[in-house]
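Q: Sequence:
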Amino acid sequence: MSAPNYWRELLATPAASALDNLSEHAERLERLACIAECQGERLSTGIAAIGELLDGATGAGHVDDGVAVAICSMLAALAGLSAELATVTRNAHGTLAGIRTTAHRSPATPHLSPVSQD
Numbered sequence: 001m002s003a004p005n006y007w008r009e010l011l012a013t014p015a016a017s018a019l020d021n022l023s024e025h026a027e028r029l030e031r032l033a034c035i036a037e038c039q040g041e042r043l044s045t046g047i048a049a050i051g052e053l054l055d056g057a058t059g060a061g062h063v064d065d066g067v068a069v070a071i072c073s074m075l076a077a078l079a080g081l082s083a084e085l086a087t088v089t090r091n092a093h094g095t096l097a098g099i100r101t102t103a104h105r106s107p108a109t110p111h112l113s114p115v116s117q118d
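The numbers in my numbering rise by one with no breaks, and the one at position 88 of the sequence shown is 88.
These are computed hints drawn from the structure, not numbers from a lab. These figures come from a predicted structure and were not determined experimentally. Yeah, the Cβ is synthetic: ideal placement off N, Cα and C, and Gly gets one too. The hints are all genuine.
Computed Cβ-Cβ distance ranges for the label pairs, DEER-style:
hint, residue 1, residue 2, range
1, Thr58, Ala83, 23 to 33 angstroms
2, Leu22, Leu53, 44 to 54 angstroms
3, Arg105, Met74, 39 to 49 angstroms
4, Gly94, Asn21, 16 to 26 angstroms
5, Val69, Glu27, 38 to 48 angstroms
Construct the entire structure; sequences and hints are all you get.
A: Next comes the structure, spelled out in structure tokens:
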């Protein structure tokens, strides 16, 4: 059995259209924020683990300098992706806050529950 592909969902999340219900849009944004945060944490943990392994292998003389530089370059690119995931999370939470503000001002819109920002 294969694991769900959260990256595909994260990258394929459609923008809200004018026809979307605010509640449905908020749910989609909450899911997007959660996926981005979880994948960012996994990525950061992996980057740290690879860095530690590289440090140990380089210190023991098992990796030449060219390979170490190439791996560090890849890790830097992954760190950039991690930062982008953090931006997706922040933007989703900001948009959710705007939706909730709009929902509280409009008596015809059902109340949206707050999202935990832990």
